[in-house]
Amino acid sequence: MPLIRIDDQEIEAPQGETILRVALKHGIAIPYYCYHPALSIVGQCRMCLVEVKGAPKPLTACSTTIGTLPPGKKIEGKYDMVVSTKSETARKAQRGVLEFLLLNHPLDCPICDQAGECQLQEYSYTFGDPASRLEFEKVHAPKRVDIGPHVVFDVERCIKCTRCIRFCQEISKTGELTLSERGVYTRVDIFPGRELDNPYSVCTVDICPVGALTSREFRFKERVWFLKSVNSVCQECSRGCSVRVDAYKGEVLRLVPRDNPQVNGPWMCDYGRLVTERMKGLDLAGRPLLRSGAVWQGYEWKEFGAALVEKMAGFPALKSDSWAVVLSGRLSLEEMAGAQAVSQAFFERSAGSVPDVAWGEDDELLIRKERRPNLMGARLMGIPVGEQNAPLSGLLTGKKAALILREDPVGDAQGAEKAAVETALASMDLVIVADSAFTDTARLAHVFIPLAGWHEMEGVTVNFLGVAQKTARAVVPPRDRRPFYEVASLWLTAAGHEAPEPTFPGWHAKVKESVPGLAGTSIKDLLPNGLQVLDAPAKDKVKKGEGA
Amino acid sequence: MTEVLKLLTRNVGKPNSTHVDAYMGSGGYESLMTVLHKWTPEQTLNEVKAANLKGRGGAGFPAGLKWSFLPKGKEVLKYLVCNADESEPGTFKDRLLIENDPHSILEGIIIAGWATQAAGCFFYIRGEMPAGARIFQKAVDQAYAKGFLGKNILGSGFNFDVWVSRGAGAYICGEETALMDSLEGKRGQPRLKPPFPAGYGVYGVPTNINNVESYANVPLIIRNGAGWYTAIGSPSAPGTRLFGISGHVKRPGVFELPSGVTLRELIYEHAGGILGDRPLKAVIPGGSSVPVLRADQIDVTMDPDGLKSVGTMVGSAGVIVMNDSVCMVKALLNLMEFYAHESCGQCTPCREGTHWLELIVRRLEEGGGRPSDCDLILDVAGNIMGRTICPLGDAAAMPAISFVQQFREEFEAHAREGRCPMRDVRMTAAI
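Chains as they are written, first to last, in my numbering: chain X, 1 to 548; chain Z, 1 to 431.
In case anyone wonders, no lab produced these hints; they're calculated from the structure.
Be aware that one or more of the hints could be misleading.
[Said to hold, decoys possible] Here are the simulated DMTMM-like pairs of lysine to aspartate or glutamate, each with C-alpha atoms no more than 20 Å apart in a straight line: (1) Lys92/X - Asp379/Z; (2) Lys57/X - Asp21/Z; (3) Lys186/Z - Glu17/X; (4) Lys92/X - Asp296/Z; (5) Lys92/X - Asp375/Z; (6) Lys138/X - Asp394/Z; (7) Lys186/Z - Glu181/X; (8) Lys138/X - Glu337/Z; (9) Lys186/Z - Asp189/X; (10) Lys57/X - Asp394/Z; (11) Lys193/Z - Asp525/X.
From a predicted model like this one, the values you see are computed outputs, not experimental measurements.
Generate coordinates for the entire structure from the input sequences, incorporating the hints supplied.
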């Protein structure tokens, strides 16, 4: 393996690897814009210029590869390459390129959403000069170009790194973007008649190193340094992309993909990301509710356990086979354990089944048609998974009581199926619904238990590849909604049953008893990129991108 | 006075010179017949290598060596490209050949095709030369009719095609890889190298690209032998060159001369001296991209070594002559406008820097310059030089740096006086 030296570090680097990748791997900071680990190398921003001994001019670290010199020709007797990232030559080159980049940049950081997470700002502080030598009117360009439903383009701020263009060509394979015009008027442009409207369009915002591409949903919402971030897992399909949830004052403002080579690479889909928008329309109930006739009665949590036990005692005729128990692939493993314990204690039976809700098609990148994130988890917990898109009316019809967790069979169904579900539920003696929103199904229930949303609670889910990942609490539930495992502890202890602590660790310990892949692991093993608890089918491995 | 040689230009000015029959009447296509019937591809390639034919596009890379970079063998698909996108300011030599003797270029291309066993050649001609494109297409059609192109050429079993493709008016498409992107129907933008065209060229196929004049030399080398060829001109760059002289000379035009001719002789003998019999002020010896020379630097030979001794290059051999009525700031402004307009915009230094240089030079010329502007031009140009993917950045930086270095006093006078000090001279020179 070639031996190279970058600054003061001696490194054994693989033949053919680029200087930039080796440097990043060894913690040597070389500034760059157009390079992205998951995209092709174009070497056109020229920011990563470094001095390579023996080369007549500075070379781009992103595109210069490492080779082997014959024994007699080694530099200083042993090196195949000697690179300096901080020499006067390298620094002058970097300073020069940065000055050019800022020349016609509007410097509107005070109103730019990227401020605080802008590579142009960061490198300017590190490598740039404090003052501009330009004494002319800057070249102006349009500031608000609607190039797609979720992406707004500020042409002036763009540094023409072409990452977005390459993303659309190489990753989403939709090819909406190109460069147009020439010289200083060069701009990223959308082909005539096209829109930047592909299932992954907001990824262009993620990889834009400056504030040129901004997300329509997030722009102007909050300065990024005020955001409170947690690492979590998207729950919108069975892929379970690793995400960072950014929230401010109890509101989730955006989801950003976290680079996880074994699940999603550096990308995520727009549908998953836009959960922030879908959450806005939800009817959030804050307190547990019991209904008598048409009147809903609200309870404090500390009284609710007893009230629920009392309510159930009113139906002594209900036997184990009178109950329909509908669980959901949206439940975390711990919530499933809670549901299992509740079923055993109150209905004297094992927990019911999990419906497999699917729509659309799997695509070649990330999106899975199975829309429930934890189906694999249900299987691991020994909970049967129903046939794909099987109507739920079959499970409910003829039963006298139902416990429905995180599913909305009424709201999700249409036509005859909807009527059948409504009829079945209306004829029941006791319907208990637990969900994070007050759904159409909840309206037909006798008991409604408000559950925390996935961004409001801790829980472990297992994606279709068998990777277990943990969600985290990004915001405190605006009203006192709780994960189902907490409710289960409350319910069980109110009836005098044994129950784990009403906490995530308490129930996670119970999960570990039933999932072999988790035996002997700790929560830390699931962070940050998850733990393979089942062997994945090889064909489903995703393309890897490492540490952008 | 060095004798004007009529080798490349042997047919220029003859009646009907673009017609295949006229070309064949003066021995045309005999070189092609020789290689197809008597020589192996290796022999052909070796002869061109031995002739040390230097590329005529500007960089002067040995053509035979370039051909040998292509993968060998008939079974590997390979293409040739003829770069006829002649658009360097002050350069108009290829146009002369294309419009007057297309068959000499075509014969050279087919011989190169035989030597490299390529499948065909894309003839990429500048969009602003519609006549040239028409004439060359006609020549190609005639060559097909005579059996010099197509399947089984002259019974040799060798198949070769030529496709004429017109550019759309971008200077950058004369850069070999931008040309290839343009040929493929993409935005013309230089590619990052490596991979080089010999490995990954047009449509990803191994490709060899040469200039029009380079190909036109090939039939001469085949007919007369490498030994004959290397005896002409200077040893470092044998053969004749087509010098295009423009600007303030009495007889502007294209002159075919051995490469060892001196710049002084070129200007004062062949081009008839300075227009208006005024003093010479400056010469750009090799197309607008190379460093400028002062009047006292013209006693050098027009070959790589000679021009290197005064810090400049042969480039495309387009000699731009300026007499004492020229304002060097205004002349540089003209060039800077050109490069800022033609920068493809992908590399930051060239995209931003060429525009900035234009603004600084314009400010100087229009009277708003600062005393520090000379150093600013040198610094900005220095930040472009050697920092870009293709040589357009260098091509813009070299004139900027050399104009300021060679004529600094004039630049400073602009700043000092707050006006163009040459204005009155320019108005009274009336030439």
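Here is what the structure says about each hint:
no.	hint	in the structure
1	Lys92/X - Asp379/Z	holds, 11 Å
2	Lys57/X - Asp21/Z	violated, 52 Å
3	Lys186/Z - Glu17/X	violated, 29 Å
4	Lys92/X - Asp296/Z	violated, 35 Å
5	Lys92/X - Asp375/Z	holds, 16 Å
6	Lys138/X - Asp394/Z	violated, 24 Å
7	Lys186/Z - Glu181/X	holds, 13 Å
8	Lys138/X - Glu337/Z	holds, 17 Å
9	Lys186/Z - Asp189/X	holds, 15 Å
10	Lys57/X - Asp394/Z	holds, 12 Å
11	Lys193/Z - Asp525/X	violated, 44 Å
Taken one by one, the earlier hints fail for this structure at numbers 2, 3, 4, 6, 11, listed in ascending order.
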